[in-house]
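Numbering follows numbering that gives the first Met the number 0, with no gaps: position 420 of the sequence shown is 419.
Think of the hints as simulated: they come from the structure by calculation, not from any bench. It should be emphasised that the depicted structure is a prediction, and the values quoted were computed from it without experimental measurement. Note that CB positions come from ideal geometry on N, CA and C, so glycine has one too. Any given hint could turn out to be false.
To be verified - Keeping only pairs whose Cα atoms sit at most 25 angstroms apart, straight-line, the calculated SDA-like set for lysine to any residue is:
no.: 1; residue 1: 510; residue 2: 581
no.: 2; residue 1: 122; residue 2: 196
no.: 3; residue 1: 180; residue 2: 275
Stated by the list, open to error - The calculated label-pair distances, taken between Cβ atoms and stated as ranges, are:
no.: 4; residue 1: 462; residue 2: 376; range: 32 to 42 angstroms
no.: 5; residue 1: 272; residue 2: 360; range: 21 to 31 angstroms
no.: 6; residue 1: 421; residue 2: 384; range: 28 to 38 angstroms
no.: 7; residue 1: 542; residue 2: 439; range: 20 to 30 angstroms
no.: 8; residue 1: 229; residue 2: 344; range: 37 to 47 angstroms
no.: 9; residue 1: 476; residue 2: 377; range: 33 to 43 angstroms
no.: 10; residue 1: 322; residue 2: 165; range: 55 to 65 angstroms
no.: 11; residue 1: 205; residue 2: 225; range: 33 to 43 angstroms
no.: 12; residue 1: 204; residue 2: 541; range: 36 to 46 angstroms
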Amino acid sequence: MKENKYLHIVGALFLGITSTYSADAQEELSEVTIEAPRFGNARYGSDERIDTLPVRSMADVNLAESLAGNSSIYIRSYGPGLASTISFRGYSPSQTAVYWNGMPLNSPALGLTDLSTLPLDAKVEIDAGAAGSLNGSSYMGGALQVYSNKQLNNDLEVSNTFTYRTSGLFENRARISFKTKQVSHHLGTINQWGPLDFEYTDLYGDVRERIGSDQSAVHLTYEGNWMLENRQLTWGFWGSTIDRGIPKSISQTYGPGATQYDDQTRAYFRYEVDQLRYGYHIQTSNYWEDQRYVDPTASLNDTNLAWAQYSDASFYYHINESLLLTTVLDHAYQKVKGSSKSTSDLHRMGAGVRLNWTFAKDYLILDGALKVDHQQSQTPLLPSVGLKLNNVRGFHAQASYRQHFRFPTLNDLYWTPGGNINLSPELGYTVDIRLKKMWDISGGLLSLSVDPYYSQVEDYILWVSVGPFYSPMNVRKVELYGGTVGGSYASSSALTVPFVIGVEGSWNSTKTLESTNPSDPTLGNQLIYTPEYRAALNASVKFLGASLWMRATRTSNVHTTTDNNPVYDIPGYNLIDLGVDYTLPYRSVNVTLGAAVLNATNEEYSQQRFYPMPGIQGNLSVKFQFKYHEN
């Protein structure tokens, strides 16, 4: 069956070219505010921002590592090369939506996104604005927007990056981009492999070796872009085949040679028109995944397939210079079958409207939206309102109220045994405030911000013990509140060395407020795998052609049991990564060398119980980049 993985990826090219695209890597995650649907915008004019400026270096081999420097984000990884999920502000991974160029990436079966499958070369923004409710299901804590930069400044660009990590990981990333007058093409490949053997200390204090987990991953991305005056057509494909391995030294359940295979394909097609007074976009995308566990010693072959097809259209119209009207229609079709679930499918339909009022010379913006979705017999109605104050003497402020929801996943409904087809959607609301002040100081920009929030979620879905197996139930109301405080300074003066430093801290309380079970052990307790505190320090400086960077994070202890028993907690940990990148330019060729020390203090830590992470590691990278311009 293993050889069929590559047939799946090739076959998806013929099933529909409807996915997304990869982009040039950035050194920093930037703050962006989008006010109207225009070419390249992620979704429906949502307010998009990143709280500080986390470092993005050549040492990062996946998107999870690039996002680790943001304190409001918690990455839960099963280990190098294994699954990595994202949660934002204490919400679960299935309540945090992920989009690639506007295409939903959350698995229709699991409801979450594995960041280890996402190509690194893309732009990333965090979306937490009021208008994001137009995205529909799963947009509760917010969304991670991953999308390409369509601009190509040269007729031909070719790059190749090779990375070696001393914990036993190799990676090669290649990319070629070329264009004609109106059409550009971008093709990229990412190949990761390695034994990933390293020593760790288990729960009993014994030093063990993480063995029997050879892993490999191949990603292929392609995007095309055609532009003519006020029209744009984009299309793309993204395929991944992953042999994750199952470390024998960690999981004693599986025999020698046991492994997990994950194959995924996405394809998409998008057409946009942008006139002075109005505009619209039409988009359709396909998602396919195959997850298989194979254990030769136990004759185990557990296969689970999932499909999803998403289509949406939005239309905007400038009623006058101040009023902007946006309407949205969308449809989703999802299907699953496999060893652990019955063959089932469902349809979801939605519609929304948004009114944006800008006045006082763009200093003040009012925003209101209404979204309705229908799945099976359930039809939630979601209003949202927002207010934004823009750059009044360097001061920015915004406040929003939005209702949100999440339909049960296909696993929640149809898992065998235990699926519950009578589940209600999770419903809730969020009040969000953001205050930010910026000053020009000594040839640089100083920024301070504070982001408090409050949220409640009713009919929270939790898998609970029902006799011999587990089943999902709507059992509780959860209360979430907290905030992020941060500051950054970026020097831009020609008289000083260019540098940027950002520091922030986040507090996220996510606790059970009410339960249908009076003896529920989670009442008043923090939900599992949700740290209360995180802090981050990111810094980079450019000197004599070199870029030196540092990323330091602190994560508080994480509960792994619903009663918050400290015996089973994952202890808090501190991580420090240091590195330097140096570019050697020569005519049309640039060579960039990178060296880094990851987990410099050799911290023993994990993000998932029983799955250790590596200690101190060295990381070496070399990148060749060729650019050609006809003129």
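Hint numbers not upheld by this structure, sorted from lowest to highest:
1, 2, 4, 9, 11
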